[in-house]
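Asker: Here is how the chains run, residue by residue.
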Amino acid sequence: MTGAADTLAIRDLTKVFRIKTGGFRHADLKAVDDVTLSIPPGRTLAVVGESGSGKTTLARLILRLLEPTRGTVLLEDTDITAMEGAELEDVRGRMQIVFQDPYDSLSPWQTVGRTVAEPLLLHDGLTMKQASGRVADMLERVGLSPEHARRYPHELSGGQAQRVGIARAMITRPALVVLDEPTSSLDMSVQSQILLLLQSLQEEMDISYLFISHDLSVVRYIAHDLAVMYLGKVVESGPAAEIFASPRHPYTEALLRAAPRPDPAHKTDHVYLVGEQPSALDRAPGCPLYGRCPISEDVCADTPQELVDIGAQHRVACWKRI
Amino acid sequence: MNARKYDARLIIGLTMFGFMVAVAVFAPLIARNDPLAIDLTNQFVPPSADHWFGTASLGFDVFARVVYAARHDLLIAVSAVALSIAIGHPIGLLVGYVGGWGDSVTMRCLDVVQAFPALVLAIGVLSALGQGVRNLILVIGIVGVPTFVRLVRAEVRSLREHAYVEAGRAVGNSRSKILVRYIAPGTVGTVVTQAAVSCGWAVLLAAALGFIGLGVPLPEPEWGAMIAEGIPEMRRGGSWWIPVFPGIAIAITAFSLILIGESVADLVEPTRRKSR
Amino acid sequence: MTRRLAALIPILLGVTLLAFVVSHALPGDPARQYAGINASEAQVEAIRERLGLNESLPVQYCVYMIGQTCLGEPGGGGLIRGDLGESIRTGFSVAQDVGARLPATIEMVAAGMLFALVVALPLGVWAAVRKGKLLDKFCRFISTLGVAVPDFWLAMILLLIFFIVLEWLPGPVGRLPIGATTPDGPTGLYVIDSLVSGDWETFRTAVKHLLLPMVAIGFPAVAPILRLTRNATLSVLNSDYIAFGRAAGLRGAPLYLKYVLRNALPGAVTMAGLIAGYMIGGAVLVERVFSWPGVGLYGYNSLINTDYPAIQAYVLLSAVTYTVVFLAVDLVQSLIDPRVRLK
Amino acid sequence: MSALLEVRGLEVSIAGLPILRGVDMEVKPGEILGVVGETGAGKSMTARSVLDLLPAKATASFATCTFAGQDFIPPKARQEARGHRIGFVPQRPRGSLNPVFRVGNQLSATLRRLRDMGRREARGEALDLLRSVRITDPERVYRSFPHELSGGMCQRVCIAIALAGEPELIIADEPTTGLDVTIQAEILRLLGEVISERNAAGMLITHDLGVVADVCDRVAVMYAGRVVNVGATAEIYRGALHPYANRLVSIATSLDSGGTPREVPGRVPNPGDHLAACAFAPRCFRAGPGCFDREPPLVNQSGQVAFCHHPVTAGVVPR
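Residue numbers (my numbering), protein chains in the order written: chain P, 1 to 322; chain X, 323 to 598; chain A, 599 to 941; chain E, 942 to 1260.
Extracted from the complex, chain P is given alone in its bound form (with noise of 0.2 Å):
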């Protein structure tokens, strides 16, 4: 992968809290840990991982809605990881964000068309009146009416409330849109109704996609390039298919086992990994698997462990699998 065409391109990122554990004492937490990735023009990429993972910190960082503790954000070639107020407020209108709970996203204080047209008002210095136009169209291009403008966010429903996200994140037609899982709360036959808008729409305009889930099939489905993260780091990534067809880290071969598919035929495999996720406080300072991984060997809790390049892009960290 070349850096120059990538829409987005990170190294090294690394986001540590400090928790205080009682007392006086505190913790460094590493939510996020040496992630590298890049999206091409008009791609996916999907982040896969369970609660704890780091990869809805990931999202936050990427979008500077956190500031990294190391490592730099390239936005279609602009670091952006050190820019500060009007400069950073700008680049905003080049990524933007579709978040998981619909409602919550909204503010309830503001009607529909305020809300889709404030990135139009902030970047393109339009008023409502000069956006309201747009937002109209955009309106009816994510599947509402224009009418729907007037409207405030508890009068709709939740499948129309992400629409009017997606709208918002649209209407400046950014280069990257992150969506954190943005079908979860949704039922079932809407999730496929958002699934299938999204994907016109990146047809459409082009879009960078970074698609944050848990679920796989969702994931299988939209995704064309893959990470998996497991406590803070990315242990495989690399085109979806492939990873689908031939997981290579035990992690990932572990949650692909473990998610139940509807298919009678199919039975799920559920004892591959041992115990829960440990904290990351707790973690090894080798692979963050030790310990739950059926495959480790004592060396394995204190080397880390670095993706390897293992051919067609597929990387994976683990050296037992290269």
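Honestly, the hints are just simulated from the structure, not real lab data.
Warning: the hint list may mix true and false statements.
Stated by the list, open to error - One-sided excerpt, in silico: chain X residues whose CB lies under 10 Å from chain A:
1) Arg331
2) Ile333
3) Trp374
4) Val434
5) Gln436
6) Leu441
7) Ile445
8) Gly446
9) Val525
10) Ala529
11) Ala576
12) Phe577
13) Glu584
Said to hold, decoys possible - Result set (DMTMM-like, lysine to aspartate or glutamate): computed pairs, CA atoms no more than 20 Å apart in a straight line:
14) A:Lys731 <-> X:Asp329
15) E:Lys998 <-> A:Asp838
16) X:Lys499 <-> P:Asp77
17) E:Lys998 <-> A:Asp734
18) A:Lys806 <-> A:Asp838
19) E:Lys998 <-> E:Asp1158
20) P:Lys267 <-> E:Asp1158
21) P:Lys20 <-> E:Asp1012
22) P:Lys30 <-> P:Glu276
23) P:Lys267 <-> E:Glu1176
24) A:Lys856 <-> E:Asp1057
25) X:Lys499 <-> P:Asp302
26) P:Lys30 <-> P:Glu67
27) A:Lys729 <-> X:Asp329
28) A:Lys731 <-> X:Asp425
29) X:Lys499 <-> X:Glu483
30) X:Lys499 <-> P:Glu89
31) E:Lys1017 <-> E:Asp993
32) P:Lys267 <-> E:Glu1134
33) A:Lys729 <-> X:Asp588
34) P:Lys129 <-> P:Glu147
35) X:Lys499 <-> P:Glu84
36) E:Lys969 <-> E:Asp1012
37) P:Lys30 <-> P:Glu306
38) A:Lys729 <-> A:Glu765
39) A:Lys729 <-> A:Asp838
40) P:Lys20 <-> P:Asp298
Note that the Cβ used here is the ideal one computed from N, Cα and C, for glycine as well.
Knowing the structure of chain P, use the given hints to seat chains X, A and E on it.
Answerer: Here is chains X, A and E on its own, set in the frame of chain P:
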């Protein structure tokens, strides 16, 4: 489905409060007698056609004094709460949103102020500042500030966690715009609710201060001070009308305000929850 | 535990500072108030000198806190040695005055608290169980009304009814009839002391005198306790764990009572602390009505006699007492709530 | 084979709004029935009706309700069955355990109540139960407060409590929502195992068709307060008769294979919305005019039952 029931409480509260406000505004029309008129021949007269609520020492007409006192007590309560909000609301917004060092210092200061029971603190400050309506408003207003700072701060801190605030930042709003457009509107409901309840407390506090002689200076009529006049009568065993009527006036005013606050809170709460 | 105690120090320091500011730094002139309206300028100046009011404010605070040591003079004194100054009115040290009056206030506040709890706890649980029914509505009405009725007025109404009209209970003459011998005892609480020494006659009289003040100071506290108990009970009744407990076959009153009590306790303890603070403040009003010889009445008498050191001591002591009560509440809290204990 | 639990014509309304509009459902001995549907379909309400655990403002009526031949219409019968004959596994395991008591106390309190055990006996049995839900260090868990345990561990404890009365039927209401994927799988397997170990039957309420495919023998698909389609799991996944069920399965399977899902237009109706005779008609790809004003008939075909005017039969390719 419960809206009707809460509306009833709100209507009762508003009616009672409106009545007291009307009494204050139209006092000269309601009371035929002069509240300051002294009539030494008619002291401690029980309620009669001439003096509906009887007379007190110096022949003061209790009815006229109860009616005119509404002006003082309502003015003091409303101004004091307005002062509390004017100081407390912006501080609460700011320390709640910015947090950090300024927040900790502010909160420790509030801890200190609130370590004093409100009445006792007011006594201390008033005994130093001296009596007078303006000082009363000042003291009652300042005593009420911590309530609003804490309330607004807590509300801001919970509003701050909502995804729509993050969404506002993600589309490129500056921090000050976020505070004004996304967070401040969410605090209005609770502040209005608390304002009504605080007004009720302010009436009670003003009356309590009047009762121990730190209120509106005599001979101006004030409910709390009027009740205090009844104490010596207690031991003598009569003149029940002197303390009873001003007390009822206080209770009606405070009750209506608290009722308004509570029913508004119940009305605001479900809609807010729904819209989140 | 040590952290909580440590956190108390800055608050207590702040409390003394605020009490000091109120007494020394506000625009009012204590010396003039001391001297009275008719005093000459020279007299006022003399008083100012005697009180040390010509020193700079930081020095004054220092003297206030650690006494004459601050000025390099012998003599001690200062707040940290328990020196609250000398009362102008009584001529005794304020600490001594307050100490003598403390048991009366404690007796009244404790009785009031007991009264409030005994009335409010069962009613709160009952109202929650019968949510939306007549009883619940009545309780809501009472709790709103209870907050709205001034306690000092209630005190007088009680006197009107039970002393003047019905003549069942004694008038506003304090803790015992005038001239009665006070019971000896370690606590200074007449009800307990007379009980311990088996003096039934005094006990009966003391209880009779205590009844009305108890109700007057306790009644306003009924409303918040009732409301808290009701809400706590409701939140337990509507909780997932009650639903699951029922689904798992647990049934009946024991389940509810045990769960409700155990889960509502932490909230009730916090509320008790708040109410104690309220009562400490309200004591001045109720004591005034009943001529109850407690700290509040002392504060009131100091006030009308512009007895400056005594007023300041009264304000400061109220705040310190409240702070200490709150710390106690916090500690009890951490003992009874496993979720707090963890932190 | 006669049903263990049989429910016919169950109607529930909350504050006057109809939630269930005639639910028919049965659980056969030894089977696990999956109850599937979207938000507001009435899955949980059905389960709660069987245990007489509806919210305060709800009213329920049955045409028939029997459990192992016993009449279950009297509320008392349903109340007495809780824990003893029907075990319940909740949706939010941590919230379902009382935060101020140790989990061991909660488990043994249930045992003492349901099985009349003494204190010591209950403790031993509680530890055995914890072991039987594959908890490796039961002594430690017994002494823990709920907030000290992980979500998965809390759910194991809840399952142990559900098993305490040795019930014949275990109802699990979305038992794995909120748990991590790898833990979900373990909890589901555990549920399946404890049900079959005890020769009990199960009712698993979920919105996840993957979960159903994994552990259920039969599936009941609910929509807007009715069961619209019932059948053996394999049959439903091969080709559900009801267009709604059919579409749901097709969305799930096409996503799973990376294919493009077919779209179901519109949204799930809310309680109180005006419904057509067939509630799904406005969103249905096979709806004709009759669907809106005539009650859909019962169709019994290839091991499935569905209520539909235009069932998706073999040979009809869903558009």
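Asker: Decide, hint by hint, whether the structure agrees.
Answerer: Hint-by-hint comparison with the structure:
| no. | hint | result |
| --- | --- | --- |
| 1 | Arg331 | 9 Å, holds |
| 2 | Ile333 | 15 Å, violated |
| 3 | Trp374 | 19 Å, violated |
| 4 | Val434 | 3 Å, holds |
| 5 | Gln436 | 9 Å, holds |
| 6 | Leu441 | 4 Å, holds |
| 7 | Ile445 | 7 Å, holds |
| 8 | Gly446 | 4 Å, holds |
| 9 | Val525 | 9 Å, holds |
| 10 | Ala529 | 6 Å, holds |
| 11 | Ala576 | 4 Å, holds |
| 12 | Phe577 | 4 Å, holds |
| 13 | Glu584 | 7 Å, holds |
| 14 | A:Lys731 <-> X:Asp329 | 18 Å, holds |
| 15 | E:Lys998 <-> A:Asp838 | 17 Å, holds |
| 16 | X:Lys499 <-> P:Asp77 | 29 Å, violated |
| 17 | E:Lys998 <-> A:Asp734 | 17 Å, holds |
| 18 | A:Lys806 <-> A:Asp838 | 48 Å, violated |
| 19 | E:Lys998 <-> E:Asp1158 | 34 Å, violated |
| 20 | P:Lys267 <-> E:Asp1158 | 13 Å, holds |
| 21 | P:Lys20 <-> E:Asp1012 | 57 Å, violated |
| 22 | P:Lys30 <-> P:Glu276 | 19 Å, holds |
| 23 | P:Lys267 <-> E:Glu1176 | 16 Å, holds |
| 24 | A:Lys856 <-> E:Asp1057 | 19 Å, holds |
| 25 | X:Lys499 <-> P:Asp302 | 48 Å, violated |
| 26 | P:Lys30 <-> P:Glu67 | 13 Å, holds |
| 27 | A:Lys729 <-> X:Asp329 | 19 Å, holds |
| 28 | A:Lys731 <-> X:Asp425 | 44 Å, violated |
| 29 | X:Lys499 <-> X:Glu483 | 16 Å, holds |
| 30 | X:Lys499 <-> P:Glu89 | 12 Å, holds |
| 31 | E:Lys1017 <-> E:Asp993 | 8 Å, holds |
| 32 | P:Lys267 <-> E:Glu1134 | 14 Å, holds |
| 33 | A:Lys729 <-> X:Asp588 | 15 Å, holds |
| 34 | P:Lys129 <-> P:Glu147 | 15 Å, holds |
| 35 | X:Lys499 <-> P:Glu84 | 16 Å, holds |
| 36 | E:Lys969 <-> E:Asp1012 | 16 Å, holds |
| 37 | P:Lys30 <-> P:Glu306 | 16 Å, holds |
| 38 | A:Lys729 <-> A:Glu765 | 39 Å, violated |
| 39 | A:Lys729 <-> A:Asp838 | 18 Å, holds |
| 40 | P:Lys20 <-> P:Asp298 | 31 Å, violated |
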